[in-house]
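J.: In case you want the letters, here they are:
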Amino acid sequence: MNLGFALGHMMAQASNTASWWKPIQASSHAAAVDNLFNFIMYLCFFFFVLIVGAMVYFVVKYRRKGNGPERTSPIKGNHRLEIVWSVIPTILLVIIFAWGFKDWLAIAVVPNNAMEIRVTGQKWNWTFTYPKEGIVSSDLVVPAGQPVKLVMTSSDVLHSFYIPDYRIKRDVVPGRYTVLWFEPSEPAVHQIYCTEYCGTSHSQMLSKVKVLDSAKYEEWIANGGEEGGASAVPLADKGQKLYESRGCVACHSNDGSQKVGPTWKGLYAAQRKFADGTSAAADENYLRQSILVPGAQVLAGYANVMPSYQGQLNDKQIESIIEYIKTLK
Amino acid sequence: MTQPSSSHASSAGHHHPKYLAHHFESMAQQNASGKLGMWLFLGQEVLFFSGLFLAYVLARIIYPETFLAAHELLDWKLGALNTIFLLTSSLTMALAVRGAQVNSKPQMFYNILATLVLGGAFMVVKYIEYSHKFHDGLLPGHFFDATKAMHNGQLANIPGAPAIFFAIYFVMTGTHGLHVLIGMGLMVWLLVRIKRGDFNSENHVYLENVGLYWHIVDLIWIFLFPLLYLVR
Amino acid sequence: MESNRNNAPQSAHAATAGGSEPNYINAHKGIWSWMTTVDHKRLGLMYLVGVLGFFAVGGIFALLVRTQLLGPIFKGASGKQEWLFSGDTYNKLFTLHGAVMVFLVIIPSIPASLGNFFLPLMLGAKDVAFPKLNLMSFYVYILGGAFLLFSIATGAIDTGWTFYTPYSTTTSASVISAVTGVFILGFSSILTGVNFIVTIHKMRAPGLTWTRLPLFVWAQYATSLIQVLATPVLAITLMLLAIEKTMGVGIFDPKLGGDPVLFQHFFWFYSHPAVYIMILPAFGVISEIITVNSRKQIFGYKAIAMSSVAIAVIGFLVWGHHMFTSGQSELASAVFSFLTFAVAVPTAIKVFSWVATMYGGSLRLNSAMWYGLAFLFLFTIGGLTGLFLGTLSVDIHLHDTYFVVAHFHYVMMGGTMTAFVGALHHWWPKMTGRMLNEFWGKISCFFVFTGFNLTFFSQFLLGTKGMPRRYATYLPEFQTWHQLSTLGSYLLGLGFFITLCYMIQSLISGAKAPRNPWGARSLEWETDSPPIEHNFHVQPVVKHGPYEFPEIDHSMSTGGGH
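From first to last, the protein sequence lines stand for chains Y, V and A.
Under my numbering, the residue at position 95 of the first sequence is numbered 95, and the numbers go up by one with no gaps.
Under my numbering, the residue at position 83 of the second sequence is numbered 83, and the numbers go up by one with no gaps.
Under my numbering, the residue at position 517 of the third sequence is numbered 517, and the numbers go up by one with no gaps.
Careful: at least some of the hints might be erroneous.
Computed list of lysine-lysine pairs in PhoX-like fashion (alpha-carbon distance at most 20 Å, straight line) [what the hints assert, rightly or not]:
hint : chain 1 : residue 1 : chain 2 : residue 2
1    : Y       : 326       : Y       : 238
2    : A       : 302       : Y       : 76
3    : Y       : 149       : Y       : 132
4    : V       : 18        : A       : 132
5    : A       : 132       : V       : 35
6    : Y       : 65        : A       : 132
7    : A       : 465       : Y       : 208
These are computed hints drawn from the structure, not numbers from a lab.
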């Protein structure tokens, strides 16, 4: 039991810093989930010690000693004991169920004042669309202390949207909308994972939640989804960020190595041979078309597997990516 | 284990019928085992088809208008004819089992033959229906061809997901048809064994089991017919 | 009946009772006699070889997966992302590990190999009810396995063993052969189940009443019920999946108007009961091992027998707990969560009863018992951690993380496989006529136990921290635990390798086994080791329960029990 209490204390203190085994508590749900987690954990420690302790004690006490005739107890059962160890676990299990159900309702029911953000999962990146402001972003940027409602869908296979620090997760399903909500407590950055297996780069379908204070958030909105002034960063650098965050990296290398799609190294202005036998130089128009309508001109030797980024990248972002490609010589 | 003598199994010279397998004690035990095994297998069959019925129900909940429109393209008259074939064949099957119980070889033989012929007639009608569907492009999935889907001489306009309706139609009737074919194969085997004189009032558990199988195939059709052909 | 005079050879057989009648292994010679055998013991042995072979294959996949996870830290686009295997190769490895282990190893492990061998023996029967059907099940198993292996040869599958749509309908074509393989394997499972139920109902020896059945038989009975009733649903699901993939039907594909969550319902309606197909026979094994080696009546025979059946029944109603985050309705999730807790009660009763059985006994700590105790330790952890996952709010955090991976490995590997290896130690003398080396048995058990805990306890911590499953690369903060886990997996592999070595040694030069080395009371120990072809020289008649050992002192107080 000592170990149990030690672990429990370690966890109880670990509310706002990540412990060695628990993520931080960064949303309104996190503390509730952790409290129940702890309750179950203590119960488990108790029953584990009870069961394994009894087992070890019996092994030591009743192990066969010597070769003499051994006598054993004729006991075949004990109704009272059997009822006790059926009823007590049943009661505890009902308590756990009810507690979990109560907390889960809080996770499932979205408050009315939540701001809405659209989430699209796609092999292998996340896109966040702010419907009122018309902003499209690869990171989820939200103001602190404000409930946020995510309306999620997938454009290909199943994904699952998971933020451990908030203790929330929901599958992202093609052809229907699923909903998730949370209230971030203070400005911070949190990890987003995809937790429903989705193929080659499933483990790289990562993104971040950036929680800003309300002033910084307003500034971010005003800048059209750019941090610290739009002009401050060169386009090519922005393009590189998009390359990493929007999933281009899963299929296109930037160093000439072979992946699912052609490499971007030396791509700009190179002569391209297409599957239909035609060829052309990779200029801005070709690159733009390849991002928006990938199936229009498929490079010879490659399969037509790239999804369209129509509606997921705005003009400025496409421009940045093209500028980035230009730098890869 | 009805006879007390059988408790010492292989002791010399006791009653041991010809059809009794070496690992059973008595014909009663062997027959009861055979029948229980068959019932369990039929339970498995019901669960197997229940998955298909579930898919049907869910698809119909999502696309009621598709089912309403698409069922018009199935010929309920042919379906009804097939229902009559199968119901009659269940009767002849039962008569064949009765034949075994009264030790009448001709009654067994001709009733199984009749069941086989009726099963064959069912498959012929199914073939006519299927070839009609193939001709009209009423096929599952991306084989569905809306430009050929004719109804009463004009192009049928099926709302929703006709490809799913016809997938369910073909999977359900196809799986059922496969069961009919397997049943017919079993009946050919029965005919050979009846000719050989294998079955009598004491030993006819095989005949009875094929009968049970045939009844479940019939029963499944009784559900399929209204669900697919008589949606309205 | 005048046609009954052809039993002379059999009577002659019986006349040699107790003499040098050949055992089932050398009664017939040649490979053909094995390939066409309808003897349940030979079939059990053939299943055993098949299961152990596939266990080695699945184990190698597991070690490759763990080796990959030593160090593939995701460093963003600029860094090197691939460590040992590419993402695609890794995905195929974990898929094959899962598919081979679930469908070819754990599901048939205890029922098909030990069940086939011992069920008729324990019942005092000459064979299972349908011996030819039994042979057919074996070939169906081999055929299914061949299809699954064929999918490896044709480029391997990368869907995970769960075949979720729409990923599985859009990825490589070898999914078809894999799914066909699993479809076929299902029928092997169904036919075995039918065979066992009929055998238990109709083939019991005189005097062997239902309450005198060894608990292994009860567990097999409950397992068989699930096999017969749940497996056909998997068959139809996979058939629909294959049709969907080949014809683009769209029942499960939202692009064509279908519902991807429907597939999950179909899949788990089988696959959750399948978890009980995997664990219930292990419960049966543990009931035997602990009782025989405690030299006592089992504590609460009826409660243990009935809880197996209860688990089998309730197990059909909990499939939705795999789908709390999937988008199924809130009401459905709540109901499934409640029923999940309901299934925990009979499981808890079993564990308590096993521990209580040891009270007042005279424990023989042989290697089978070591494995039995290891089972109790590991399965207790596996069962208790299930509570976290059955709880609605907590599962939202833990679903699809390493916590789930750790939980089901504690149950399936720490539970079923530990019991399976324990059962091999317990019944090896009867099957082969040779004893196993006790010293090395304990050494291997130590390595398996230590390695297992290191491998999978680390994964509880990873999961709680938020590490998602099926990741080929991960963030740096997870590395330490991953490396510990991999280290543990090597110890685990070593433990099983030692087991393999002394099993081979036993076959070559092991000490000859007596009829009943453990002094057990169930019928399989009343025939020769190894048994004769028709099992018993004389039809046994049962006059006592399965656990009435001579050591039991009826003059002692039972402390107010029955």
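J.: Would you mind marking each hint as holding or not holding in the structure?
T.: Checked hints:
1. Proximity of residue 326 of chain Y to residue 238 of chain Y is assessed by CA-CA distance (about 13 Å); at most 20 Å being required, the pair is judged to hold.
2. With a C-alpha separation of about 10 Å, the suggested pair residue 302 of chain A and residue 76 of chain Y falls inside the 20 Å cut-off, and the hint holds.
3. For the proposed pair residue 149 of chain Y and residue 132 of chain Y, the alpha carbon gap of about 13 Å is at most 20 Å, so the pair holds.
4. As the CA atoms of residue 18 of chain V and residue 132 of chain A are separated by approximately 18 Å, the hinted pair is consistent with the 20 Å bound.
5. A threshold of 20 Å between alpha carbons decides the hint, and for residue 132 of chain A with residue 35 of chain V the separation of about 16 Å falls inside it, so the pair holds.
6. Pair hint residue 65 of chain Y plus residue 132 of chain A does not hold up; C-alpha atoms about 48 Å apart against a cutoff of 20 Å.
7. Taking the CA atoms of residue 465 of chain A and residue 208 of chain Y, the gap is about 16 Å. The hint holds against a cut of 20 Å.
In summary, the structure is inconsistent with hint 6 from the numbered list given earlier, while agreeing with all the others.
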